[in-house]
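K.L.:
Read off the chains here:
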Amino acid sequence: MTKQLRFGAFMNVPCCHPTGWRHPEAVAESDLGFEHLVHLARVAERGKMDAMFFQDSVAIPGSAATYGAKPFRVRSGRQAHIEPVSGIAALAAVTTHVGLISTCTTSYNEPYNVARRFLTADHISGGRIGWNLVTSQAEDEAVNFGRDSHFEHGERYDRAAEFHDVVVGLWDSVDGDQRHVLDHKGEHFTVRGPLDIARSPQGRPVIAQAGSSDVGMELAARTADMVFTAQTTVKEGQTFCADMAKRTARYGRAPDHVRIFPGLMPVVGRTPDEARQKYEQLRGLVDDNFGLAAVSRLAGGLDLFKFDPDGPLPELPPSNAARARQQMVIEMGRRGMTIRQIGRVLGMSQGHRVAYGTAEQLADDMQEWLEAGACDGFNLLFAHYPKPLEEFVDLVVPELQRRGIYRTEYEGTTLRANLGVPVPPNSFVAKQRAHA
Amino acid sequence: MPEFRQLKLGVIATADADFRRCVQLAQRAEQAKLDLIVFAEGAAVTLEPTALLAGLAAVTTQIGLIATASTIYNEPYNLARRFASLDHISGGRIGWNLAAAPLADAANYGFDGPPDADARLARAAEFYDVVAGLWDSWEDGALLRDKTSGDYIDRDKIHFLDHAGAHFKVKGPLNITRSAQGWPVVTLAAMSDAERALAARAADVVFTAETELGAAQAFYADLKGRAAHHGRAPDDLTIMAALPAPSADALATWLDAAAADGFAVEATQLNDVTRGVIPELQRRGIFRTDYTGTTLRQHLGLRVPENRYTRERAAARG
Chain D
1429 MTKQLRFGAF MNVPCCHPTG WRHPEAVAES DLGFEHLVHL ARVAERGKMD
1479 AMFFQDSVAI PGSAATYGAK PFRVRSGRQA HIEPVSGIAA LAAVTTHVGL
1529 ISTCTTSYNE PYNVARRFLT ADHISGGRIG WNLVTSQAED EAVNFGRDSH
1579 FEHGERYDRA AEFHDVVVGL WDSVDGDQRH VLDHKGEHFT VRGPLDIARS
1629 PQGRPVIAQA GSSDVGMELA ARTADMVFTA QTTVKEGQTF CADMAKRTAR
1679 YGRAPDHVRI FPGLMPVVGR TPDEARQKYE QLRGLVDDNF GLAAVSRLAG
1729 GLDLFKFDPD GPLPELPPSN AARARQQMVI EMGRRGMTIR QIGRVLGMSQ
1779 GHRVAYGTAE QLADDMQEWL EAGACDGFNL LFAHYPKPLE EFVDLVVPEL
1829 QRRGIYRTEY EGTTLRANLG VPVPPNSFVA KQRAHA
Chain W
36 MPEFRQLKLG VIATADADFR RCVQLAQRAE QAKLDLIVFA EGAAVTLEPT
86 ALLAGLAAVT TQIGLIATAS TIYNEPYNLA RRFASLDHIS GGRIGWNLAA
136 APLADAANYG FDGPPDADAR LARAAEFYDV VAGLWDSWED GALLRDKTSG
186 DYIDRDKIHF LDHAGAHFKV KGPLNITRSA QGWPVVTLAA MSDAERALAA
236 RAADVVFTAE TELGAAQAFY ADLKGRAAHH GRAPDDLTIM AALPAPSADA
286 LATWLDAAAA DGFAVEATQL NDVTRGVIPE LQRRGIFRTD YTGTTLRQHL
336 GLRVPENRYT RERAAARG
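Protein chains in written order, with the working numbering: chain D, 1429 to 1864; chain W, 36 to 353.
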C-alpha cells in the first residue's frame, strides 16, 4: 500500500495566527465555547483526521512579561481557554473515531494525578486519547506554582523523563485482575502505585512530544509515539526524520513506530489567485509588535526592541526556553532576513511553515514531503476557526483520497490503531517474563 | 415564585469504572429533575471524578454535576482552572466538593502519611482562598474580542491575585473567565468545628452527617448562624442531609422543621425516590416538575458571586 499521510488538527483556539481572530470569518468565541469545539471535532472526524491536538499553558501567555510597560498581549487571541484534559474528556463522550490529544505539563503536576486523568479520558473515549508531554518554559507559568522562575532546560527534561516513566508504569500497574506495585523511587518522584483505574482500551494512551532540541529528541526517541516539530523545507524534514530514526533505533524501537508531524499552516483557495489573496489577507493581519515580541521571546534575554527592526538580527545568547525554535530564528537571520521580517514569519504561524494554493497544489506539496521521507503527516495549524479547517476537509482531503495517499475510512477505533503504532507490551509482564 | 418553599434533591454516587453506567445514572437523575449528582471517590476500580464530569457534561443538559477533589496533593491553580473549565463546558452546572482530607494514598505522592487534621484544614482554607481569588481574575467585559479595534482583552479588567501565604504563592491571573454561574458551586461535608468554620464562609452547599431531627436542627441553626457572621444570608447556604429512609413525609418534615434545605440520596435509592417520593413531593408543591433555570446556582437558588474587583471599583467610585 502507498505510504499514507496522517493529520493532526492543531486546536489552538481561537487562532494559530496570533491575531487571526480578527479575520472577518473567524469565530473568536471558539476560545471558550464548548459547542464550537464539538463542531470542530465533527469536522475533523468527517475529514478522517488522526487526532485533534490541544495546546496548553498554565498561565495567560505573556502575563508575566510587559509590553509597552503593561502586562498582557492585548491583541493576541490566545488568552483564555478550556483546560484541555477536561476538553478532550468531554469531546470523548460525543465523538467516535478521532484521536484526542491534550498537552499537560510535567513541570507543575504530580504524575499520579496526570496518569489518572488521561486514563479516565481514555476509557471515556474507548482508547482515543494521547498525552502531549511538555515541560514548562515560561516565567508566567512558574509564578502560578510558587516559583520565581521556571526550571532550567536540563532539569526540566530530567523531571519530564522521570515523570513519563512513572505515568507509564502506573498505566501498566493494572492489568486485568492483576495489580502491580510500582514502587518508584527516583530523584524527583516517589510513587508506590498501583493505579485504581483499569488498563487502557488501547494498551496505553498515546505519547506525543514536541521537543526538537537534542535532549528533547532523545526523550522522544525513547518514549514518544508521535512527534510534533517545526521544519520548513523538505530537506530539513528529511534530516529531522533520519535523525529521529537513528535515535529511535538506538532504543530498540522501529522508526515507523514514532510518527513525525511537522507543523503546517495550509491556506487553501479554489484558484491560485484566491489562495494568494487569502494568504496576503492573513499576512496583513500580522501585528508587527507581536511579531517582534515573538522574536524577542527566543532572543535569550536580549532586548530586541532596542535594535532597529529593519536591521539584521544580532548574535543571540543561548535561550533557556525553546532551543530548537531559537536555532530556526538564527538560521533566518543568517539568510539575511531583518528582525521585522522574521517577526512577520513567526507572527503568522508560530514559526511553522505556511503553504498556500489550490487543493491540487497543497496536495502536491504534502505528497512531496511524504514521498521524500520528510514526514509521516502534518500537524495542521489553522489561522482561525472553523473555516480553514472546514475548507481543508472539504477541498484538500478529497484530493488526497483521490490520489490514494489518505484514508477514506478509519482503520480502527483507537488512536493507536489509526496511527499504526503498536500497543506496547505491559512493562510489568515483560519484567516477569525476563525473570522467569 | 412557588407557593411553598422548595426542597433540593441530589444523588450521591461513586465514580463507576464504567463510563456508560455513570451516564445512565446522571441521565436518570436529570429525567427526575434532580438538582445535582455528586461523585465521591471510593470504589476500588474507578474513574477520576473531574475527567468523568467533563464527559458527563457533554451528554447532559440540565443537572448539576459535582466532583470531589482534595486540597491535598493538588495545586490551587490547576484545580481552579479545571473546575472553571468544566463550568464552561457544562454551561454553568459544575460544583467542587472540597475535601480537606486526602483521597489518595500519600505514598503515591512521595509522603509517608497525610498531614494531621489541623494542618489539613489550614491548608484547605488557604487553598479555597486562592481558588476563589483566581476565579475572579476576569471581570465581566474583560474579554472584548473586538475585531475593529484589534483588542482581544481589556487588560484593566484582568487581575493578578498576588497571593503569598503559608502554603501557597500564586500570582495569577487564571487563564479562563468566569462562567455562566460566575463560579462553580462549592460544596463541603462538615462535621468538626474547623470544618463548620470553613463551610460557613466558603461553602454554597453543606452536607451534614446528622440523621436525627434534633441534631440536624442544631447543626442547621449553627451553620446558618455562623454564615450570618460572614455577612451571608440564610439562603446563601444550602444544607443537605442524607436520610436512611427518605420518604416524602420525612423530607417534608425536615424541611418544615428547619433541619435541612435539601436531601442527598444514595444511587441505590434513586429508583424508589423517583417512583414513590418525587411525585408526592410534586403533588405537595415542594419539588419542581421541571427545571426553571439552566445553571446549578439557579437550581439551588444561589446568587452569582459578585466579582471582588468589580465591587472594589464600584466602591471606589462611591
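Since the hints were derived computationally from the structure, they do not count as laboratory data. Be a bit skeptical, because a hint or two may be false.
[What the hints assert, rightly or not] What the simulated footprint calls covered on chain D by chain W, stretch by stretch (three residues with Cβ under 8 Å from a Cβ of chain W suffice, anywhere in the stretch; the number is not a length):
#1 1476-1488
#2 1506-1512
#3 1527-1540
#4 1584-1595
[As the list claims (entries may be wrong)] Using C-beta positions, here's what the derived DEER-type ranges look like:
#5 D:1470 x W:38: 56 to 66 Å
#6 W:227 x D:1583: 17 to 27 Å
#7 W:202 x D:1826: 34 to 44 Å
#8 D:1641 x W:306: 49 to 59 Å
#9 D:1522 x W:246: 31 to 41 Å
#10 W:350 x D:1522: 35 to 45 Å
The C-beta atom is built at its ideal place from N, Cα and C for all residues, glycine as well.
K.L.:
Now, for every hint given, state plainly whether the structure supports it.
P.N.:
Hints, verified against the model:
1. 1476-1488: Coverage by chain W holds here, the residue count being 4 at a Cβ distance below 8 Å.
2. 1506-1512: Holds, because 5 residues of the segment 1506-1512 of chain D bring their Cβ atoms closer than 8 Å to Cβ atoms of chain W.
3. 1527-1540: holds (count 4)
4. 1584-1595: violated (count 0)
5. D:1470 x W:38: 56 to 66 Å: At 45 Å between Cβs, range violated.
6. W:227 x D:1583: 17 to 27 Å: violated (41 Å)
7. W:202 x D:1826: 34 to 44 Å: violated (56 Å)
8. D:1641 x W:306: 49 to 59 Å: 58 Å Cβ-Cβ, so the 49 to 59 Å window holds.
9. D:1522 x W:246: 31 to 41 Å: holds (40 Å)
10. W:350 x D:1522: 35 to 45 Å: Holds - the Cβ-Cβ distance for residue 350 (chain W) and residue 1522 (chain D), about 44 Å, lies within 35 to 45 Å.
Comparing the model with each numbered hint stated earlier shows that hints 4, 5, 6 and 7 do not hold.
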